[in-house]
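Participant: Listed below are the residues making up each chain.
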Amino acid sequence: MLIEIAHFLSILSTGLFFICFIFSFFLNSKDIFIINLVSRIYSHSFFIFLSSFFVYVWLAISDNFSVLYIAQHSNINLPVFYKISSIWSAHEGSMFLWIIFLTTWGAVYNLFTSNDQLLKARTLGVISITSVGFLLFLLLTSNPFETILPVPPENGADINPVLQDPLLAIHPPMLYMGYVGFVIAFGQAIAFLFEGKPEIKWEKQVRSWSLASWSFLTLGIALGSWWAYYELGWGGYWFWDPVENVALMPWLTATAFVHSLSASSKSSILRIWTLLLSILVFSLSLFGAFIVRSGIIDSVHSFANDPERGLYLLAFIGLLVMVSLLLFSFRFNLLLSNKKIASLSKESFISLNNIFFGTLIFSTMLGVLYPLIYEFIYNQKISVGAPFYNAIFVPITLIACIFLYFSIDSKWQQSLNIKSLFQPLLISLTFSATIVILAFFQFSITNLWTLASLLIGSIIIMRYMIVIYFYFVYRKFTNIFSVIAHCGLGLLIISIALNDNLSSERALNIKINETEIYKDHQITLKNLRMVPGPNFDSVKADFLIENPNGKTFTLTPEKRKYFARGQVTTETAIHASFLKDIYLTIGDQLDDGSWIVNIQFNIFIRWIWFSAMMMVVAGLLLAHSLSRSRP
Amino acid sequence: MKANRKQRLITVLLILATSATGSFLIIRALDSNLDFFFTPSEIFKEEIPNNKRIKVGGMVLEGSVLRDKTNISFVITDYQGSINVEFDGIVPDLFKEGSGVVVVGYLRDKTLVAEDVLAKHDENYMPPSIDIKN
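One line per chain: the protein sequences are C and V, in this order. In terms of the working numbering, the first sequence opens at residue 396 and continues consecutively. In terms of the working numbering, the second sequence opens at residue 10 and continues consecutively.
Each hint should be verified, as a subset may be incorrect.
[What the hints assert, rightly or not] The following label-pair restraints were derived from C-beta to C-beta distances: (1) 841(C) to 32(V): 49 to 57 Å; (2) 543(C) to 107(V): 55 to 63 Å; (3) 58(V) to 790(C): 25 to 33 Å; (4) 729(C) to 54(V): 54 to 62 Å; (5) 724(C) to 107(V): 53 to 61 Å; (6) 54(V) to 767(C): 19 to 27 Å; (7) 32(V) to 625(C): 35 to 43 Å; (8) 822(C) to 31(V): 28 to 36 Å; (9) 427(C) to 31(V): 47 to 55 Å.
Since the hints were made in silico from the structure, they are not lab data. For glycine and all other residues, C-beta sits at the position ideal for the given N, C-alpha and C.
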């Protein structure tokens, strides 16, 4: 009975969202009565949909295996936490969650935006019709409410063990929250274009929303990368897998978008760019959903393949993008600004930044789609590997950072005073040159790209230190959020460069009480234990590691065998210190009783996520401060 | 007016030239970094240079896995052709005889020297373009 109620509530809310859309676009949306009406229908519809989700969560907690999806992805033996997160462990449920977040953003927007705002009703209309599109997709092609009747199975099939991890329970929600958060900016942009009144300042209103979604997206990607690092046992943080790339594209676009938003919310310059980017961010988020869920691209992350789903999503996204672009071209003349961008002004740097981001987005898109095109033309399967992305991303990011460096002191609509650049340049260049020389002689880093990255990463950080100094000593105005985020960028570049250059790994073959030596570290296998877990059996191997300074510590990597599917997973053991991670995984046991062990020294890897966190914090704080300063 | 037009023309030409050079560089980078995907039966029909990184997908042949310390060798097959693989390192957890793998590596004397051995997260995964006849 509960299943049918949840199903019915979802259908009901789909209808209500559609009514909301109709009212907002076909009635006079300036009438306060209509705005109130639309706002109210939206909240009701949202609550109905939300209750449907909560009922579904309850079904999962209470092990209701008459629901096909729950029977396929949950299990009686799972802890409650994973029973809930099993909902988003596969296609149908994660789509459900995706729409929940989509409508939640709308609901929060609805709550915090006063009803006398011109664009409010239409923005809600855009959010509603997008939700309707996805709800129909959910209900028609991937229904999570499908039942197994009359006899439900006694136990479910369990979720994939590698997904039974606290971090993976929160990584998809964060990521989805980021993806769909841009619906606010998209909705406002469409509403603005539909209205066609250039005097409406929609950019100001969406800044904090966009920054918040950008932060969630950054957080989601960083969490995913961290999870992959410690759970999959490969020891890397980014693999240029197609599915990672489709998350990177909206992120790059969103980053360009929040930058050009800050310019166009000050003056009408760059307005066209901002509008285009707002459409692009949201479309790329949807495009990501299409790539992941259609199975069109072969990836380790992709969901089960179903051409029908792909076709629906493609048609829906295509329609959305076409309508948006049509509207855009129709209003193009209204948006033209006769103001010229002053050379070396902040706007000019942001335009340059847009071009760099555009190149990166284009290259990533090409890398994702090229295998498809190639197979279609030559009937030969190919894949585009990391070297391609490195060849593009490394130089472009570094060049962009040089421009970032010079943009730090630039002002809105004013040329930069070139003379004022010299003193800070001298100081920061001395600092970063010292670091490079140190890296070259002390750590014998000879790779030119690594040295260049060190130089540019550290020069940015040092430059911002000077900014902070001026802030405290001369009370010079500083956007502290920008300082934090860009220092994060500098740190990210340094960390990636050092990690890439200095990390190393080796496979060892070791018996109990034997000692192997790797890079002056003594590694001894002390003991093997069989330990039962809640829904798995595990073998734990105790290793004693002695570093060159004579300090010892134990690491206990693990191999688990899960009951439900008989799947074997490896749990890594990591010893984290300030500069490096010692990362241990165990492989198979050989016939002579020895074990294969993989040891990695991952240099500076924690700092990669730390710098991502700096960006997240900066984004959230700025979003918060902007939302408070709004009238 | 005329000067204005001329300036515009120059701007447009400049933009075109930069984007053309940019695209050219990107596509060149792309072309030199492609990994070709083969099945075991296709692999010896083609001329593949030693220095070309390739991917081979298929099933691990039952009884073909041999281990020596950290080295592992096995045969991957698509039931029409097969190729011997050598790898030094840890194979993924989902690696087992009779199930699907993708190997990335270089061809040396009819043997694939693996850089990486991949198995999917999903245990129901089949490498593309293989029909299992059983």
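Participant: For this structure, which hints from the list above don't hold up?
Facilitator: 1 and 2
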